[in-house]
Amino acid sequence: MSETKKTNIILFSGDYDKAMAAYIIANGAAAYDHEVTIFHTFWGLNALRKDGHVAVKKNFMEKMFGKMMPRGADKMGLSKMNYAGFGPKMIKDVMKKHNAMPLPDLIEMAQEQEVNLVACTMTMDLLGLRKEELLEDIEYAGVAAYLGEAEDGNVNLFI
Amino acid sequence: MSETKKTNIILFSGDYDKAMAAYIIANGAAAYDHEVTIFHTFWGLNALRKDGHVAVKKNFMEKMFGKMMPRGADKMGLSKMNYAGFGPKMIKDVMKKHNAMPLPDLIEMAQEQEVNLVACTMTMDLLGLRKEELLEDIEYAGVAAYLGEAEDGNVNLFI
Amino acid sequence: MSETKKTNIILFSGDYDKAMAAYIIANGAAAYDHEVTIFHTFWGLNALRKDGHVAVKKNFMEKMFGKMMPRGADKMGLSKMNYAGFGPKMIKDVMKKHNAMPLPDLIEMAQEQEVNLVACTMTMDLLGLRKEELLEDIEYAGVAAYLGEAEDGNVNLFI
Numbered sequence: 001m002s003e004t005k006k007t008n009i010i011l012f013s014g015d016y017d018k019a020m021a022a023y024i025i026a027n028g029a030a031a032y033d034h035e036v037t038i039f040h041t042f043w044g045l046n047a048l049r050k051d052g053h054v055a056v057k058k059n060f061m062e063k064m065f066g067k068m069m070p071r072g073a074d075k076m077g078l079s080k081m082n083y084a085g086f087g088p089k090m091i092k093d094v095m096k097k098h099n100a101m102p103l104p105d106l107i108e109m110a111q112e113q114e115v116n117l118v119a120c121t122m123t124m125d126l127l128g129l130r131k132e133e134l135l136e137d138i139e140y141a142g143v144a145a146y147l148g149e150a151e152d153g154n155v156n157l158f159i
Numbered sequence: 001m002s003e004t005k006k007t008n009i010i011l012f013s014g015d016y017d018k019a020m021a022a023y024i025i026a027n028g029a030a031a032y033d034h035e036v037t038i039f040h041t042f043w044g045l046n047a048l049r050k051d052g053h054v055a056v057k058k059n060f061m062e063k064m065f066g067k068m069m070p071r072g073a074d075k076m077g078l079s080k081m082n083y084a085g086f087g088p089k090m091i092k093d094v095m096k097k098h099n100a101m102p103l104p105d106l107i108e109m110a111q112e113q114e115v116n117l118v119a120c121t122m123t124m125d126l127l128g129l130r131k132e133e134l135l136e137d138i139e140y141a142g143v144a145a146y147l148g149e150a151e152d153g154n155v156n157l158f159i
Numbered sequence: 001m002s003e004t005k006k007t008n009i010i011l012f013s014g015d016y017d018k019a020m021a022a023y024i025i026a027n028g029a030a031a032y033d034h035e036v037t038i039f040h041t042f043w044g045l046n047a048l049r050k051d052g053h054v055a056v057k058k059n060f061m062e063k064m065f066g067k068m069m070p071r072g073a074d075k076m077g078l079s080k081m082n083y084a085g086f087g088p089k090m091i092k093d094v095m096k097k098h099n100a101m102p103l104p105d106l107i108e109m110a111q112e113q114e115v116n117l118v119a120c121t122m123t124m125d126l127l128g129l130r131k132e133e134l135l136e137d138i139e140y141a142g143v144a145a146y147l148g149e150a151e152d153g154n155v156n157l158f159i
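One line per chain: the protein sequences are A, B and C, in this order. Quick note: the first sequence uses the numbering used here, first residue 1, plus one each step. Quick note: the second sequence uses the numbering used here, first residue 1, plus one each step. Quick note: the third sequence uses the numbering used here, first residue 1, plus one each step.
Only chain A is shown next, with the shape it has when bound in the complex (with noise of 0.2 Å):
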């Protein structure tokens, strides 16, 4: 009796690279019909930011964290070769010429595969992130939660 397969990837990192490497993971699983959930977590929550400027309350230091990070997928920086934002500029161009994706298509369709994205809700109290900022459709919950798949997961990374 063949039994689903799980692919449970966490997050952390809010580069645009090893965000990359996380969607193609997620998509190849879904494809695969793993049954797939990445819970971003820290800086990996980023990627789930709206690209506008989204109207919340927040205090002092919530704003300062909200104005330094990365708004949205498509702003984050590389993890290697940044050089102020030229790197990224670079992998995008070459992305586009081999037709790759670029990330917010890669989260697109991992929507579309039912991939689960799971935003950690204590590193968003940490980082003064509210649901009104991030996309529509995803989860909410705490590590509790990223164990329990987790624990029966074949494929566990961390990224």
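Incorrect hints may have been included.
Treat identical chains as interchangeable: a pair holds within one or across any two.
Unchecked claim - 25 Å max Cα-Cα, derived DSS-like pairs, lysine-lysine:
id: 1; residue 1: Lys67; residue 2: Lys80
id: 2; residue 1: Lys96; residue 2: Lys5
id: 3; residue 1: Lys5; residue 2: Lys63
id: 4; residue 1: Lys92; residue 2: Lys80
id: 5; residue 1: Lys96; residue 2: Lys131
id: 6; residue 1: Lys80; residue 2: Lys58
id: 7; residue 1: Lys89; residue 2: Lys67
id: 8; residue 1: Lys63; residue 2: Lys131
id: 9; residue 1: Lys67; residue 2: Lys97
id: 10; residue 1: Lys131; residue 2: Lys50
id: 11; residue 1: Lys63; residue 2: Lys80
id: 12; residue 1: Lys92; residue 2: Lys63
id: 13; residue 1: Lys75; residue 2: Lys58
id: 14; residue 1: Lys97; residue 2: Lys131
id: 15; residue 1: Lys67; residue 2: Lys92
id: 16; residue 1: Lys97; residue 2: Lys63
id: 17; residue 1: Lys80; residue 2: Lys5
id: 18; residue 1: Lys96; residue 2: Lys63
id: 19; residue 1: Lys6; residue 2: Lys92
id: 20; residue 1: Lys50; residue 2: Lys63
id: 21; residue 1: Lys58; residue 2: Lys89
id: 22; residue 1: Lys96; residue 2: Lys50
These are computed hints drawn from the structure, not numbers from a lab. Treat the numbers as computed from the prediction; the structure is a model and nothing was measured.
Starting from the known structure of chain A, arrange chains B and C on it as the hints suggest.
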């Protein structure tokens, strides 16, 4: 028949935020009755350093590494937005406001919950770290011991 | 009946220390008769580059990436304390003193132990790397092949 689940984390990173993630997952897993091991290697060993100076004999290189690396969990920097130490202060302020546990408390809690804290002896040698410089009640082992645990692990992560 | 255990490592990082960790785990697992695969993607591909210049036709962007990325394992930087190349020198000096294997030797040992070294073709394309520039006797595959291995893996790590 239910078996004990196992969570094994390699903590390679010396960043405050990544170590927090490792210890939050570890404490969560211990609360769910997993058998949990954090295997500290390379810069992750700094999370286990005592915060004061410990008098031990070292050669020149070992002294240099000793001085350049943070003495203990509380002195570690952030993986992102470190801003010469300003980032960690922001995060710690915010954590205090949310009553979130700072890293040294998370480590203490892990010890109380009997999470196995292991220091990698090979990288201790490389970085010139002595047992006297690390916390009490931790274990010392190499890659073989890690693999012995990890091959039966339910959740294996490299952080 | 005992089955062969499987260890699958994604090496995403182009840092000398992280690649060392990956290869030490891989060589350890191979010594314990695991079937071991290291799947090199993004900056991790640089660990597989030959150290000399290889004459291949490239467009402008590919040439730029080629020049900016390190040519082979020995030229990679550290994830921490890189100090414009001084950190790697320190680590290599210390390793020599402790008779620890440098990264190029760890890679050679992995090949002797029949660890499967795989280069991710999609990211090779993005970064403009050609098969002629990479080590002999490695394999070429994509995310599907990785998932095929990883879903039956005992130890899956993203480094």
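Hints, one by one, checked against the model:
When the C-alpha separation of Lys67 and Lys80 is checked against a cutoff of 25 Å, the pair qualifies both within a copy, at 22 Å, and between copies, at 14 Å. Neither within a single protomer nor between protomers do Lys96 and Lys5 lie at most 25 Å apart by alpha-carbon distance, with minima of 32 Å and 40 Å respectively. Taking CA atoms no more than 25 Å apart as the test, Lys5 paired with Lys63 passes in neither setting, with 41 Å inside one copy and 41 Å between copies. In this homomeric assembly, Lys92 and Lys80 come within 25 Å of each other (Cα to Cα) both inside a single copy, at 14 Å, and across copies, at 22 Å.
Proximity of Lys96 and Lys131 under a CA criterion of 25 Å is satisfied inter-copy only: 22 Å between copies versus 31 Å inside one chain copy. Taking CA atoms no more than 25 Å apart as the test, Lys80 paired with Lys58 passes between copies only; the shortest distance there is 21 Å, against 32 Å inside one copy. In the homo-oligomer, the alpha carbons of Lys89 and Lys67 lie at most 25 Å apart both inside one protomer (21 Å) and across protomers (17 Å), since each shortest distance falls under that limit. Taking the shortest Cα distances, Lys63 and Lys131 sit within 25 Å of each other inside one copy (15 Å), while across copies they are farther apart (43 Å).
Proximity of Lys67 to Lys97 under the C-alpha cut-off of 25 Å is restricted to the inter-copy arrangement: shortest distance 20 Å between copies versus 32 Å within a copy. Taking the closest pair of Cα atoms, Lys131 and Lys50 come within 25 Å of each other only inside a single copy of the chain (10 Å); across copies the shortest separation is 39 Å, beyond that limit. Taking the shortest alpha-carbon separations for Lys63 and Lys80, only the inter-copy value of 17 Å comes in at or below 25 Å, while the best intra-copy value is 27 Å. When the C-alpha separation of Lys92 and Lys63 is checked against a cutoff of 25 Å, the pair qualifies only between copies, where the shortest distance is 16 Å, while the shortest distance within a copy is 29 Å.
Taking the closest pair of Cα atoms, Lys75 and Lys58 come within 25 Å of each other only inside a single copy of the chain (22 Å); across copies the shortest separation is 28 Å, beyond that limit. Proximity of Lys97 and Lys131 under a CA criterion of 25 Å is satisfied inter-copy only: 20 Å between copies versus 35 Å inside one chain copy. When the C-alpha separation of Lys67 and Lys92 is checked against a cutoff of 25 Å, the pair qualifies both within a copy, at 23 Å, and between copies, at 18 Å. Taking the shortest Cα distances, Lys97 and Lys63 sit within 25 Å of each other only across copies (15 Å), while inside one copy they are farther apart (37 Å).
In this homomeric assembly, Lys80 and Lys5 never come within 25 Å of each other (Cα to Cα): the closest approach is 33 Å inside a single copy and 33 Å across copies. Taking the closest pair of Cα atoms, Lys96 and Lys63 come within 25 Å of each other only across two copies (17 Å); inside a single copy the shortest separation is 34 Å, beyond that limit. In this assembly of identical chains, Lys6 and Lys92 lie within 25 Å of each other by CA distance neither inside one copy nor across copies; the values are 30 Å within and 35 Å between. For the identical chains of this complex, Lys50 and Lys63 are intra-copy neighbours only, at 16 Å inside a copy versus 35 Å across copies, given an alpha-carbon limit of 25 Å.
Taking CA atoms no more than 25 Å apart as the test, Lys58 paired with Lys89 passes between copies only; the shortest distance there is 19 Å, against 32 Å inside one copy. Taking the closest pair of Cα atoms, Lys96 and Lys50 come within 25 Å of each other only inside a single copy of the chain (22 Å); across copies the shortest separation is 28 Å, beyond that limit.
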